[in-house]
Amino acid sequence: MGRPVQYNTNVKLAEMPEGYSGEGFMATSFDKIIGMARKNSLWPLPFATSCCGIEFMATMGANYDLARFGSERMGFTPRQCDVLLVAGTIAKKMGPVLRQVYLQMAEPRWVVAIGACASSGGIFDSYSVLQGIDQVIPVDVYVSGCPPRPEAILEGVMKIQELVNNESLRRRNSDHYKALLESYGIQ
Amino acid sequence: MSEHNQHIQLSDESVAKQTTTLNLGPTHPATHGVFENILEIDGEKVLSAKQTVGYIHRAFEKIAERRPYYQITPLTDRLNYCSAPINNMGWHMTIEKLLGLKLPKRVEYMRVLIMELSRISDHLICNSVVAVDTGALTGFTYVFQWRELIYEIYEEICGSRLTTNMGRVGGFERNFSDVAWQKINKFIEGFPKVMKEFEDLFTRNRIFMDRCIGAGPINAERALNYGFTGPNLRAAGVDYDLRVAEPYSSYEDFDFKIPTGTIGDVYDRYLVRNVEIWESLSIVKQAVQKIAEIEKADPAQKNIFYAPESDKYHFPPKEDVYTKMEALIYHFKMVMGEIAVPPGEIYHAVEGANGEVGYYLISDGGRTPYRLHFRRPCFIYYQAFPEMIKGGLLSDAIIALSSLNVIAGELDA
Amino acid sequence: MALTNEIVKNRLTEQFGDQLTGWEEPYGMLTCTMPAGINLKVLQFLFDDEQLRFRFLTDLTGVHYPGRPGEELCVVYHVHNMVDGVRMRLKAYVPLEKPDVFSATQLYSAANWMERETYDFFGVNFVGHPDLRRILNVDEMEHFPMRKEFPMEDPTRTDKDDEMFGRGGIV
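Residue numbers (our numbering), protein chains in the order written: chain A, 1 to 187; chain B, 188 to 600; chain C, 601 to 771.
Calculated from the structure, these hints are not laboratory results.
Be a bit skeptical, because a hint or two may be false.
[Claimed, not checked] Here are the computed lysine-lysine pairs in the DSSO-like style, where the Cα-Cα straight-line distance is at most 27 Å: (1) 178(A) x 159(A); (2) 499(B) x 292(B); (3) 489(B) x 292(B); (4) 609(C) x 284(B); (5) 698(C) x 284(B); (6) 12(A) x 178(A).
[To be verified] Quick list of simulated restraints, FRET-style, between CB atoms: (7) 239(B) x 756(C): 23 to 29 Å; (8) 611(C) x 328(B): 55 to 61 Å; (9) 573(B) x 606(C): 40 to 46 Å; (10) 73(A) x 530(B): 30 to 36 Å; (11) 239(B) x 31(A): 53 to 59 Å.
[Said to hold, decoys possible] Some chain C residues judged to face chain A by a derived CB distance under 10 Å, without partners named: (12) 723; (13) 736; (14) 737; (15) 738; (16) 741; (17) 743; (18) 750.
Everything numeric in this text was worked out from a predicted model, so none of it was measured.
C-beta atoms are modelled at their ideal positions from N, C-alpha and C, and glycine is treated no differently.
Please model the complete structure; the sequences and the hints are all you need to start from.
Now the structure itself:
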């Protein structure tokens with residue numbers, strides 16, 4: 001005997017981008033359509049080192065469920081991931097490793113610094129801790145909190161989605177972006 | 188040999204041995220933290236491992252020398268962040284021991300309650316992660332809902348989920364709210380069913396057993412020599428538990444068993460932790476009952492949540508701070524860390540979720556410790572890892588690491 | 601008969617005479633000071649003796665006392681007799697110029713990393729250690745950060761304005 005089938009009627013579809021549509025077709029710009037697609041299928045790379053990593057685990061867990069925002073799959077290989085989620089303290093010993101992981105990611109790539117330590121060093125103002133990961137790699141979104149609540153991490157991811165959605169496809173070729181990477185010594 | 192291979196230099200030795208060097212970590216997804224192991228493997232068999240630690244060294248001990256006593260509690264949170272309250276309470280107990288404070292029974296039972304809840308949450312992480320590493324994600328997502336409830340209880344008590352900064356010298360910063368008690372009762376009622384299901388899913392699961400039994404074993408003698416404590420030592424067959432050996436915070440009033448294993452492999456560690464979860468749950472129940480008895484005998488006890496003689500070390504109520512001069516002065520002095528602690532040298536240890544968490548404190552009477560050293564169980568027992576995985580399979584090494592429950596924050600201090 | 605601090609003290613005095621000094625019992629833990637030259641002998645005796653059986657190394661760490669010339673660095677051992685539930689603390693003072701103590705790695709495998717950590721933080725030289733190098737800090741580090749004269753913050757950092765953060769000058 002089969003179980004009664006229940007359909008989820010609460011599914012929220014992504015909004016159609018602006019464009020010209022007629023019967024059987026829809027025309028819009030690449031920017032918008034690719035932005036929308038990217039936005040809703042981000043592959044995060046969790047770079048969890050300490051306490052924030054545990055809160056990140058809670059974010060992935062059943063109660064908060066990061067998968068609702070299209071980030072179902074945690075990729076553990078930098079080559080295939082879009083968003084680098086740095087959760088936790090990055091010590092100076094770890095700095096080069098983080099940079100290496102960032103370099104291994106393919107463009108377009110985004111970075112979220114989750115928690116006070118990743119953003120600014122947090123309470124660990126000591127000789128061994130990197131005072132914010134933005135000293136070694138560019139960061140797109142900072143999430144505050146020590147550790148941030150799962151809701152805050154979700155908001156950080158949503159902010160990234162906003163960025164992804166609105167980003168011009170040519171941004172990565174712009175002089176501004178090149179200068180930014182140059183300032184970090186990344187070619 | 189194809190042409191492009193020619194410039195790769197291989198020493199004669201490694202060609203003859205045909206072994207592979209595998210860099211496991213520091214950001215390997217299977218290591219759950221930042222541990223680097225350079226493994227020498229022959230096919231699937233691990234021949235040797237070289238460890239590197241310190242990837243999140245945060246200089247706790249140096250920072251502790253520059254912080255007044257109450258500001259060190261947040262540091263202890265971040266040692267073993269899976270069971271932060273145990274570290275908090277251990278630190279408070281160290282200062283209380285230094286001051287010679289005696290706590291009321293109700294406060295001690297409240298502490299026991301919280302410590303056991305956090306032990307449950309820590310063991311749940313460890314065991315569900317072992318299950319994840321054997322390929323079963325279900326248990327993990329399932330028990331995490333109940334860990335969320337424990338976090339909610341913490342939140343009710345101290346306002347924070349993970350890094351709790353819970354309690355003060357002499358007791359708690361505030362009394363448990365009614366909602367907290369409701370949530371504790373909800374946990375006591377609902378959790379056994381879930382835990383039972385979790386156990387049913389894994390304990391006698393043929394695949395799980397085949398993966399775990401015999402993986403990463405260590406015998407009692409080696410374990411003691413390596414300084415193992417906590418569940419990992421008990422899994423090797425030594426029934427040593429600080430809660431019994433040197434009872435603190437009125438653990439002697441509670442009735443609980445200390446589970447032990449036999450060969451100290453992954454399966455033993457898993458079972459020991461599972462039984463400990465049940466025992467902790469029983470202690471939580473007993474604590475709730477004992478607190479209820481105390482309150483029944485003397486309703487005035489309901490408002491006792493710190494030792495009366497610890498007034499000097501306890502923040503005055505917030506209303507008083509805003510309305511009364513003395514309270515404001517006290518509050519100010521305390522925040523500035525001007526409350527002196529007598530000079531002395533003390534070692535106090537509590538049974539953390541991973542083993543003996545020790546605080547070696549030298550006070551010279553100043554506002555900050557002269558020297559504070561944390562005995563971090565992970566740091567000490569993680570050095571046995573290469574010996575445990577030697578000769579085993581690579582996949583055994585992964586589950587051995589997760590079943591040791593090495594917490595990077597505690598390891599690297 | 602339960603093993604008491606008194607018995608431990610008497611056994612040790614019998615064996616080592618006045619070489620062990622500074623007997624104390626702060627908060628119930630027997631404490632004494634041993635010369636750095638015989639630290640391993642004392643530990644070995646505590647380990648081997650049938651009555652004492654201090655076979656568990658709980659903790660090993662260092663302390664820096666800049667104000668004590670000739671004995672600036674102190675290596676502190678906490679050993680534990682798990683059978684009788686007795687703990688003991690042993691200290692060995694060494695001068696800053698020649699911070700040599702013998703390594704206890706042959707006795708306790710656990711001492712390996714603890715000694716490396718103590719070396720990393722204080723620069724104590726453990727003679728006979730199989731692999732004495734930095735453990736937590738980066739290998740290139742030149743100073744021993746836990747010594748009192750070194751600041752907590754990274755002295756080279758420029759990102760945080762000290763005045764804004766109320767730092768600088770006083771520690």
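We went through each hint and held it up to the structure:
1. 178(A) x 159(A): holds, 23 Å
2. 499(B) x 292(B): holds, 20 Å
3. 489(B) x 292(B): holds, 12 Å
4. 609(C) x 284(B): holds, 24 Å
5. 698(C) x 284(B): violated, 36 Å
6. 12(A) x 178(A): violated, 37 Å
7. 239(B) x 756(C): 23 to 29 Å: With a Cβ separation near 24 Å, residue 239(B) and residue 756(C) satisfy 23 to 29 Å, so the hint holds.
8. 611(C) x 328(B): 55 to 61 Å: Given a distance of about 56 Å, which is inside 55 to 61 Å, the answer is holds.
9. 573(B) x 606(C): 40 to 46 Å: holds, 42 Å
10. 73(A) x 530(B): 30 to 36 Å: About 57 Å separates the Cβ atoms of residue 73(A) and residue 530(B), which means 30 to 36 Å is violated.
11. 239(B) x 31(A): 53 to 59 Å: Between residue 239(B) and residue 31(A), where Cβ atoms are some 45 Å apart, the hint is violated.
12. 723: violated, 15 Å
13. 736: holds, 7 Å
14. 737: With a closest approach of 6 Å, the residue 737(C) hint holds.
15. 738: Residue 738(C) check passes; min Cβ-Cβ to chain A is 5 Å, inside 10 Å.
16. 741: holds, 9 Å
17. 743: Nearest chain A Cβ about 9 Å off; hint holds.
18. 750: Check passed: Cβ of residue 750(C) comes within 8 Å of chain A, closer than 10 Å.
The structure does not agree with the numbered hints 5, 6, 10, 11, 12 stated previously, though it agrees with the rest.
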